[in-house]
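> Residue strings, one per chain:
2 protein chains.
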Amino acid sequence: MKNIRTAIIGAGYRGRYLITLLQKINLFDIIAVSDISPNLSEIISQLFAGEKIPKIYNSGTDDYRRMLNENTIDLVIIASPWHLHKEQTIEALKSGCHVAIEVKGALDIDEYPDIIHESRQNKKQVFPLENTLFRNDILAINNMIHAGIFGRLVFLQGGYRHDLTHILIDQTGNFGVQNGSESEWRSKYYKTENGDLYPTHGLAPLCMFLGINHTDYIKSITSFSTKPGLGLHACMAKRNGMKYTDIQQHTFRMGDVVTSILQTDSGAQINLLHDTTLPRPRSLNYEVQGTNGIWNAEKNAIYIDGLSPFEEWEPEDKYIEQYKHRFWQQWESEALRYDGHHQGMDYIMLRVLGEALQGRENYPATLEDMATWAAVSPYSKISIQKGTSIPFPHF
Amino acid sequence: MKNIRTAIIGAGYRGRYLITLLQKINLFDIIAVSDISPNLSEIISQLFAGEKIPKIYNSGTDDYRRMLNENTIDLVIIASPWHLHKEQTIEALKSGCHVAIEVKGALDIDEYPDIIHESRQNKKQVFPLENTLFRNDILAINNMIHAGIFGRLVFLQGGYRHDLTHILIDQTGNFGVQNGSESEWRSKYYKTENGDLYPTHGLAPLCMFLGINHTDYIKSITSFSTKPGLGLHACMAKRNGMKYTDIQQHTFRMGDVVTSILQTDSGAQINLLHDTTLPRPRSLNYEVQGTNGIWNAEKNAIYIDGLSPFEEWEPEDKYIEQYKHRFWQQWESEALRYDGHHQGMDYIMLRVLGEALQGRENYPATLEDMATWAAVSPYSKISIQKGTSIPFPHF
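Taken in sequence, the protein lines are chains A and B. Residue numbers in the first sequence follow the working numbering, run continuously in steps of one, and reach 1668 at the last position. Residue numbers in the second sequence follow the working numbering, run continuously in steps of one, and reach 1668 at the last position.
No lab work stands behind these hints: they were computed from the structure. Watch out, some of these pointers could steer you wrong.
Said to hold, decoys possible - If you want the ones that stay clear, here's a sample from chain B, every Cβ over 12 Å from chain A, calculated: (1) 1537; (2) 1571; (3) 1572; (4) 1576; (5) 1603; (6) 1607.
Unchecked claim - Simulated crosslink set (PhoX-like; lysine-lysine; CA at most 20 Å straight-line): (7) 1397(A) <-> 1275(A); (8) 1659(A) <-> 1500(B); (9) 1492(A) <-> 1492(B); (10) 1572(B) <-> 1572(A); (11) 1492(B) <-> 1500(A); (12) 1492(A) <-> 1572(B).
Idealized CB from N, CA, C, for every residue including glycine.
Assemble the whole structure, with the sequences as input and the hints as a guide.
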């Protein structure tokens, strides 16, 4: 079977990491890369030293369109800043390509519905690059759920708890430094939005566990925010020598912690957190609780009624090993060899993407799933603004 | 100084445990005990073997009134079933006694306001026996908070996550067994209520940390419930040989997991869980997150910006030791010797109660605090029923 002719849009930190993994999977040929960086040529030459160098497109933000026109492409992978995803995805679909897009929250309620429309119109697929779905523990827990080990699922927790102040604020206390990096485009949302900006890592596995969009549906969202700006102001003050007067000119809309309660048709509930401006170790806060047991990822522990010692957590390891997913049974050693930075999940994700495009596997999430996860962003903002529950959209 | 003449109402499991601790503290003289049990005489004789036997009152549910009339009592301790607390507390206050009451949720919105009225009317105090406030870790964390180590508090979590199915359902799957035990009176609430039945253990320390009723106030509550009865039905089926038809006659109103979001005037937020009918190890789910650090009790771990290694949890122990509260500095060894079952917190609580009554310490919670914690029960029910946020009462 012929390799997948692959083009990349966005060769920043994330795009380059994906390229290094794609090079290790003999299903993909990277034929072109687009990015506005003036250094793109050197970047790509270094990445492809000793290999066939892909064509590069870096003459401005529209040069990716020329790339789409000039080449025969099977798959476009998009890892650009958030506000460019929609246009680039739609252009790629119109050019007859499948698309794999990096995950993020929806910037408005129409973003993913419009992409769904184009995908159906052009009969091309869009694959969400949600790497958490490919974690060894997540896939094993999913197997356990389908084997009935946890009973019926009742209550799930997840979140994005990751202190981003090292991206948002520089070491002398300046907010949103204008250096062309992620700091520049990501920070502005903290001044203009209050909601869950980045829901997918915390939510996507929980939706897979619950069968959301298959056997159950999210029916409502209710979101809450702590007082805006407390963490950012405190961080700026710490880094600029406690000159509080200077920093009060910065007003923020984003609360440090946003809680979203998602209720499903079947009566299950997801509590989701967005927590990115307070100092803390990282966590995706996963917990899965059913009528027969519970998994808590923070504790790396499982409790199963009748199997575990009464009221005692067990280490998750033996269960994760016992219920290991076939993806990990097949590809674990190469995943860990090439993708130590993300514990193999990015490698497994791209491997499954390639297998799916060649018809040997089902990719475990659809564009409609992506639309569901991402909808938490705009609908959480509406819920916080209105102070009420909001009906959740179906896609 | 003369010892505190103490009378007990309720000599069940909890009341007897309190008696054994009071006997170890040379500030209290237990002069009378009231309970409806026909075996009260033997129970008390055993508990007080070799000591002065208190008078006993067990001629029916009103016999405690005779006890209040016939004796000169400084302090009445109430550890009876929930529905008796209000009447007994008010009678004790009217008799001129101080009262210490076991904690629980309010059975209706008037319960504690009425008690507050009587307490003020009679100029007698009511002390909530909330033992979590006296835990070594809780008191040390409180010291750290007041020393500014966590910065300004932003987001707190707590809960009562304790599988009570061994109380609510017997080993052959019968619900609410009629044997005069806790099963009988506690189980009925699961058929008639949907809300956080038992909020105080999860909430009281968080209110102390935030200065609720002193420098901040809870302004609203919004509560959510998973589908009622899933855990109870599954448990009954497991224990009765999976005869699902028999158990469907039992309808429950209580959701397995009730989430309450409490927002404060200052913009802080508490996420509180009630989770008592799914199999799991116990947890009070404490987490305290501020602008400078976070404590997670489930992980027994702390992270402080600038002190902890970047993004790495530290074991809490050294902090708990460094910020040990004076209660624990003074009484730790006797607390652990006499109260191993509750890691010393019940002993410390009763010791501080005695010291407070003799004017040497301030008890760290008031009747108004108890009213605040307990109000979560009726107001969570109203919020779930109405599907909206509800303004939270001040006392």
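> Would you mind marking each hint as holding or not holding in the structure?
Tested hints:
1. 1537: violated, 9 Å
2. 1571: violated, 6 Å
3. 1572: Non-interface label on residue 1572(B) violated, nearest chain A Cβ at 6 Å vs cutoff 12 Å.
4. 1576: violated, 6 Å
5. 1603: At about 32 Å from chain A, residue 1603(B) clears the 12 Å cut-off, so the statement holds.
6. 1607: Consistent with the label, residue 1607(B) stays out of reach of chain A, its closest Cβ about 28 Å off (over 12 Å).
7. 1397(A) <-> 1275(A): holds, 18 Å
8. 1659(A) <-> 1500(B): Violated, at roughly 25 Å.
9. 1492(A) <-> 1492(B): Violated. Residue 1492(A) to residue 1492(B) sits at ~27 Å, over the 20 Å cutoff.
10. 1572(B) <-> 1572(A): With Cα atoms ~7 Å apart, residue 1572(B) and residue 1572(A) stay inside 20 Å; holds.
11. 1492(B) <-> 1500(A): Roughly 13 Å between the alpha carbons, so the hint for residue 1492(B) and residue 1500(A) holds.
12. 1492(A) <-> 1572(B): violated, 33 Å
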